[in-house]
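Novice: Sequence:
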Amino acid sequence: MARVVVTQMVMQQKLTKFCHLRQQWRLFFSASSPQQQTEFFDPETCISSIKQCQTLQSLKTLHAFTLRSRFYHHHDLFLVTNLVSQYASLGSISHAFSLFSSVSDSCDIFLWNVMIRAFVDNRQFDRSLQLYAQMRELDINPDNFTFPFVLKACGYLRDIEFGVKVHKDVVDSGYWSDVFVGNSLIAMYGKCGRVDVCRQLFDEMPERNVVTWSSLTGAYAQNGCYEEGLLLFKRMMDEGIRPNRVVILNAMACVRKVSEADDVCRVVVDNGLDLDQSLQNAAMVMFARCGRMDMARKFFDGISNKDLVSWTSMIEAYAQADLPLEALEVFRQMILRRVLPDSVTFLGVIRACSSLASFQQARTVHGIIIHCFLGNQLALDTAVVDLYVKCGSLMYARKVFDRMKQKNVISWSTMISGYGMHGHGREALFLFDQMKALIKPDHITFVSVLSACSHAGLIDEGWECFNSMLRDFGVAPRPEHYACMVDMLGRAGKLNEAREFIERMPIRPDAGVWGSLLGACRIHSNVELAEMAAKALFDLDAENPGRYVILSNIYASSGKRTEADRIRALMKRRGVKKITGHTVIEIKNKVHTFVAGDRSQPQTELIYSELAKLMDRIRREGYTPDLNFALHDVEEETKEKMLYVHSEKLAIVFGLLNSGPGSAIRIKKNLRVCGDCHTATKFISKVTGREIIVRDAHRFHHFKDGTCSCGDYW
DNA sequence: CTAGGGTTAG
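Using full-length UniProt numbering, the first residue of the first sequence is number 1, and each one after it goes up by one.
Warning: the hint list may mix true and false statements.
Stated by the list, open to error - In silico DSSO-like cross-links for lysine-lysine, where the CA-CA straight-line distance does not exceed 27 Å: (1) 572 to 613; (2) 577 to 588; (3) 639 to 560; (4) 572 to 560; (5) 165 to 440; (6) 641 to 588; (7) 560 to 588.
The set of hints was computed from the structure by calculation and includes no laboratory data.
Make the full structure from the sequences, and use the hints.
Specialist: Here it is as C-alpha cells:
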C-alpha cells in the first residue's frame, strides 16, 4: 500500500519537473528573437541578463552572443567571471570550468575566487582545493574572499592538513584580522574536531560579530562540548549581543536538559525572534533530546506546513526514544500527506524498524526505498544492511552488502558486527581479512571484530586482533576494546586472566570493562570477583539497574540469600528501578508485547493451555526447569510455575499458535534472554520442528533442531 | 564573489 503511494508520488514529481522544463524552453525561444537579442547588448544589460538566466540553454545562447558582440573583443574579464559564476550556479560546472580555463592565464583573483566557489557550491570540494593549490603555484595571492571559500571546502572534507596550510596563508597575507576570514577559520576547525583551536582564534580575534559567537557555539555543539557551548551563549547574551536565529539554532543543539531548553526558549521570546520553521524543527528535536516527547510533539503539531525536515525529525526523535510504532505512524501520516521522503527520512524509519526487529517490516521498508530510487546511497544502504542484521537475516544483509557499489569503513564494520551478533565468528574474521586488503579499519571495526571473537569463543584470534590494533593499524585500544577482551576471557572462564588484564590496563577501566567482568562472574558463579567488579561499578555508575540485578542473582544462586536481599534493598534505597523484561513478537504486521505472566492478550486462555501442553512435551524430551533463573524467595513449586510464564515462552507459544506451520518464529527481548528460557527454547525448536530466532539485548540466538547457534556460549 | 544554521548509516 505505502509502496504504491510512494511510487505514484515519485512519478508525479518527475512529471512536474518535465512540464516545468518544457515551459522554460518555450519561454526562452519566444524571448530570444534575433532583434531582441542584439538590441540589449551593451555591457551592463549583458551582465544583468547573464545573472538573470534561469536555464543552461539560455545562458549558452547568451554566451554565444557575447562572443560575437563587439564588447567582448576587450576580453572583458568581468563579463567572463560573471558567465563562469552563472554557469556554476546553474549547475554546469563543466561549462564554468572550460570557460575559466580558456582565460586562466589571468591573474585576476576575482575570477579565481568565482571558480573556487563554483566547485564548493557544486560540492566538488577536492577540486576547489586543487584549484587553490594551483593558484598558489602560480604565485597568485588569495584575498579575503578566497579564504572563506577554501576553508569551507576544507571543513566539508574534514581536511585539517589542508586547512592548516590555508591558515598559514591567512596569517602571511595579513587577512587574519578580517572577521569573515576569522569566522571561516573557526567553522573549519570546528568541523575538523579542533575546538581548542577555535577557542584560541575566538579569543585572539580583533573583531567579532554575532556570526563569530555563533560559529564557536556551533563548533562546541558539533564536538559534543555542550556545556561550553551553552556557557558561551550565556556570555554572549551577557555582553549584550543580540542573538539571531542561527546562534539560537546552535545553542539549541547544545541543550541536553529541560531547564536549558526552557532557558533558550525564553531568549527567543524575550528577543522577539520569529519562531520560523527551522527554529520550530530545532526546538522539537531539542525537547526530544531532553526526553520530553510531549513537548517535542507539541512543537511538531504546531507547525502548520510541515516540511520534509519536520517530518523526518519527528520520526527520528520517536525512533531515538525507542518508540518505533509512533515513529512509523508519523511516517505513514507523512506519506498520506504526499510528502516525499528522502534518504534521511529512511534512516529514521530504519532505526524504528530496527528496534521492532520485524523481518517483514524490514523487507517492506527496503522495498519502498528501492521504489523511491534511493538505492545505491552509501549511508542508506549501510543502514539497510544493519537493519537486516537486527531483524535476524544475515542472508539478506549480506545480499545488500554484496550489491553495494561503494563501501566504506562503516559498511564493512556493520557487516562484520552483524556476523558477530549472530555468533558467526569465523565469517566475521574472514570478512575482516578481506576488508584489511581494501581499507583501513578504525576503532569501531575493532570493536566489531573483538566482540565477534568474544561471542564465538575465538580467544587466540581475539588476542591476535587486539595485539595488531596499535601495531599494524595505529589504532590505540579504548575502554570498549578492553571491555570486549574482558568479556571474551571471562566468558571462556578465564576469570583470573581477565582480572589481571584489567589490572594491567594502561588506561582507567570504565563501567563497560567492569560490567563485562561482572557478567562473566554471573556465568561462572564467582562471588569474590563479582564483589570486586560491583564495587568498582557502583562507584562509576550507580544508576544502572542491570548491575545490581546481576550481583544479587550471583549471590542468590550461590545460596547467599541475605547478601542477595541486601543488594535488592540497596537498589531500593538508591531509587534504582529494575527494568521489566518484555518480549515482542510481530504477527501479521501487528506487534504484540508480553511481560512475565502476561494475561492481556485476547488469546490468553489458549496461550496458557498450549503452554502447559508444550512444557509437558519438552519435559518428556528431557527438559528440566533451571530454578536458578527464578526469583529466590518463593517455594520450589512456585518457582517452576513462574519460570513457565516468562515473557519469552509466552511470546513463543503465541507465535506457534499464530503463524503458518513450519515457518520461523522471530522474537525480541529487551534484556538478555533468560537461561531457562534458552534451554526450553532449544527443546521447543526440536519438538515443533520450528526455527526460532531470538534477538536479545546483546546478540542473536538461532534455535533449530534442539540446538542454538550460540553453542550455549553466551 | 565572503562567514555561522534545522533531520543524517557502524
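Novice: Hint by hint, note whether the structure agrees.
Specialist: Taking the hints in turn, this is what the structure says about them:
1. Proposed proximity of residue 572 and residue 613 is contradicted: the alpha carbons are some 38 Å apart, above 27 Å.
2. At most 27 Å may separate the alpha-carbon atoms for a hinted pair to count; residue 577 and residue 588 exceed this at roughly 34 Å.
3. For the given pair, residue 639 sits about 17 Å from residue 560 by alpha-carbon distance, which is consistent with the 27 Å threshold.
4. At most 27 Å may separate the alpha-carbon atoms for a hinted pair to count; residue 572 and residue 560 meet this at roughly 19 Å.
5. Between residue 165 and residue 440 the alpha-carbon distance is near 25 Å, which keeps this suggested pair within the 27 Å criterion.
6. For the proposed pair residue 641 and residue 588, the alpha carbon gap of about 30 Å is over 27 Å, so the pair is violated.
7. A distance of roughly 46 Å separates the Cα atoms of residue 560 and residue 588; the hinted pair therefore is violated under the 27 Å criterion.
Comparing the model with each numbered hint stated earlier shows that hints 1, 2, 6 and 7 do not hold.
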